[in-house]
Amino acid sequence: MNIVYVEKVSKEYQLGATVVKALKGVDLAVEGGEFMAIVGPSGSGKSTLLNLIGCIEKPTAGIVKVDGVDVVNLSSNELAVIRAGKLGFIFQTFNLLPVLTVAENVEYPLHLKPVGSKEKKERVDSVLKEVGLERFSAHKPAELSGGQRQRVAIARALVGSPSIILADEPTANLDHKTGTGILELMRGINKKFGTTFIFSTHDQKIVTMADRVVELRDGERAGD
Amino acid sequence: MYLRLAFKNIFRNKTRSLITLAAIAFGCISLIIAGGFMENIFYQIRESYIRSFFGHIEVNKTGFFEKGVAKPFDYMISGPGDVIKKIYSAEHVKTVTPRLEFSGLLSTGETTISFLGQGVDPKTEKEISTAVGIDAGADLAPEDTYRITVGRGLSSAIGAKVGDPLIAVANTKGGAINALDVTVKGVFFTASKAFDDRAVRLPIATAQKLLHTGDVQTLVVLLDKTENTDMVIKNLRDLFKKDGLDLEIKPWYEMADFYTKTVDLYRRQFLVLKLIIAVVVVLSVFNTMNMSVLERVGEIGTVMALGTKKSGVVALFIIEGFILGVIGGVAGLAGGYLLASLISYIGIPMPPPPGATMTWTARVDIVPGLFVYAFVLAIITAIVSSFYPAFKASRLEIAEALRHNI
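Chains as they are written, first to last, in the numbering used here: chain E, 61 to 284; chain Z, 1469 to 1874.
The following block holds chain E by itself, in its conformation from the complex (with noise of 0.2 Å):
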């Protein structure tokens, strides 16, 4: 079964007067444990895409399934519990709270479900060994360089062992060196627990460390 599947989706904008099209009909399916790059220049739609399969918008026209449920038609708050529950999120700019030391961010999803104190602990502890980082548990954000956070966020990513993981650009503001570290441990989480991961990338070196590529141009599918 697709753990992700879009059909002839699209996603439009108002801006002012004019209505921006963002994505026009695209089709994708996604199988479980693939790692998947959207590749595709700024403007061609590969964050919308990414938001839509992460249930963060809805589509103008067109079905997304995740997982098996379609969400197109879901509230706001049975959107939340399938982002909670079958997704993890990696953000271009790390997005961790500052004001909460590693440990604490990465534990943040489990608190969104029905985990006890002691299996969050020992949770927290195993994802942060699985990105080196157990030494800086109780470091802020700010005292970790980039490589550093974006590990976090990896760490943050799978703590609650979601089916999906969504990176959006997650190398766009490391430099090279630390982008391909990061895109290995993405790969190594990948082939070890056998986490489906969608990232897109514009960064053609990194590409070639994905299964399979799938490109945007103008909001529309250019070719697998």
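Among the clues, some could well be false.
[Unchecked claim] Distance ranges between label pairs, derived from CB positions:
1. E:136 with Z:1511: 50 to 58 Å
2. Z:1479 with E:89: 45 to 53 Å
3. Z:1748 with E:253: 53 to 61 Å
4. Z:1479 with E:135: 30 to 38 Å
[Claimed, not checked] One side only, chain Z facing chain E, incomplete, derived with CB under 10 Å:
5. 1469
6. 1472
7. 1479
8. 1511
9. 1777
10. 1778
11. 1779
12. 1815
Bear in mind the hints are in silico, worked out from the structure with no lab data behind them.
Positions of the beta carbon are idealized from the N, C-alpha and C atoms, including for glycine.
Got chain E; can you put chain Z on it based on the hints?
Chain Z in isolation, oriented as in the chain E frame:
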């Protein structure tokens, strides 16, 4: 987690949070000080009236309060000894003293002036009239017979000094005119200038002799605590009813018209003050929360993307408001207590109240109810002012909010 996150968020911008906490604390302190000061004024005016004039309770022949002014001799208590004993049998009664009031003329031989006579039992009256001060000479003593004390204003109007002989003239119970030679033993003052301008106090036995009566007009009752007034009145009414005594009872607050009106007026003013303070706290917390939402749009987008529901975002900001209210409230209570204690220790010199001649020292009472009120107000206003920013935060579009992180 929300509690931890809310707590940490509050202190991310320390200066702003401190200003907000200071505003909340200031509100609490203002309520505690203004309210405590007002309660102290009420207390002092109340006690001064009770201990100058009314006692806590007055007992009279039924009908006296309605018609006694026109026909005082028709409403006298005969054989007051038994009634006094009965009153003493009630719980919380400290002192009972008889009074006999009448009007007459006071003359130095050259000057004659009308006066309001108050026949009192010097021994028991002393225990009740503790707020009556002596300007010159001495107060009446049990052994005094033809000696009187005169009010400050009356003394000055008639030009009578301590030791001066005067003639007191009054109508007797039977309607005849009687006169007595008396000597000024002292000059007194009370909380009421109007009373001091007209009043003469003399031993009740002398007043009875002047009026040709063995009766008394009023039995003034002093209790252990003012708060027990209503309870004792109920007990006395039951007691009088049981014994078939034709007596009526009035509490101090029904007689102290000036006091009740003053309290009513000040309480309304205090209500306005409470409202102003609540508005200040609301605006202050609202500003903090609103700024906080504006600054944290990206973060709100992140937590919502991670699966936090809108209700969770609302809860986060409401909890922040609650924490601000609790911390500001506790600081306000502590500050209010310390400041109230300090002011009370120093004392505030006060001019005489309207219609009075005595200066006095006001303090700030520690009123537990006011502390509870201030604390609850701090929390409620802080929460209420968080509602709109919280609602605004929960309405953010996630994708749009996430763009603020770039």
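Hints and how they fare:
1. A C-beta distance of roughly 57 Å is found between residue 136 of chain E and residue 1511 of chain Z, which places it inside the suggested range of 50 to 58 Å.
2. About 48 Å separates the C-beta atoms of residue 1479 of chain Z and residue 89 of chain E, a value consistent with the hinted range of 45 to 53 Å.
3. In this structure, residue 1748 of chain Z and residue 253 of chain E meet the distance hint of 53 to 61 Å, their C-beta atoms being roughly 55 Å apart.
4. At roughly 35 Å, the beta-carbon separation of residue 1479 of chain Z and residue 135 of chain E lies within the given 30 to 38 Å, and the hint holds.
5. Interface restraint check for residue 1469 of chain Z: the shortest CB-CB distance to chain E comes to about 4 Å, inside 10 Å, so the restraint holds.
6. Interface hint at residue 1472 of chain Z: satisfied, since its Cβ lies 7 Å from the closest Cβ of chain E, which is below the 10 Å cut-off.
7. For residue 1479 of chain Z, the shortest C-beta to C-beta distance to chain E is roughly 8 Å, which falls under 10 Å, so the interface hint holds.
8. The closest approach between the C-beta of residue 1511 of chain Z and any C-beta of chain E is roughly 48 Å, which is over the 10 Å cut-off, so the hint fails.
9. Given the 10 Å rule on beta carbons, the hint for residue 1777 of chain Z holds: about 5 Å separates it from the nearest Cβ of chain E.
10. Residue-level restraint check for residue 1778 of chain Z holds (minimum Cβ-Cβ distance to chain E is 6 Å; threshold 10 Å).
11. Satisfaction of the interface hint for residue 1779 of chain Z is found here, the shortest Cβ-Cβ separation to chain E being roughly 8 Å, below the 10 Å cut-off.
12. Annotation: interface hint on residue 1815 of chain Z violated; nearest CB of chain E at approximately 47 Å, more than 10 Å.
Hints 8, 12 from the list above are not met by this structure, while the remaining hints are.
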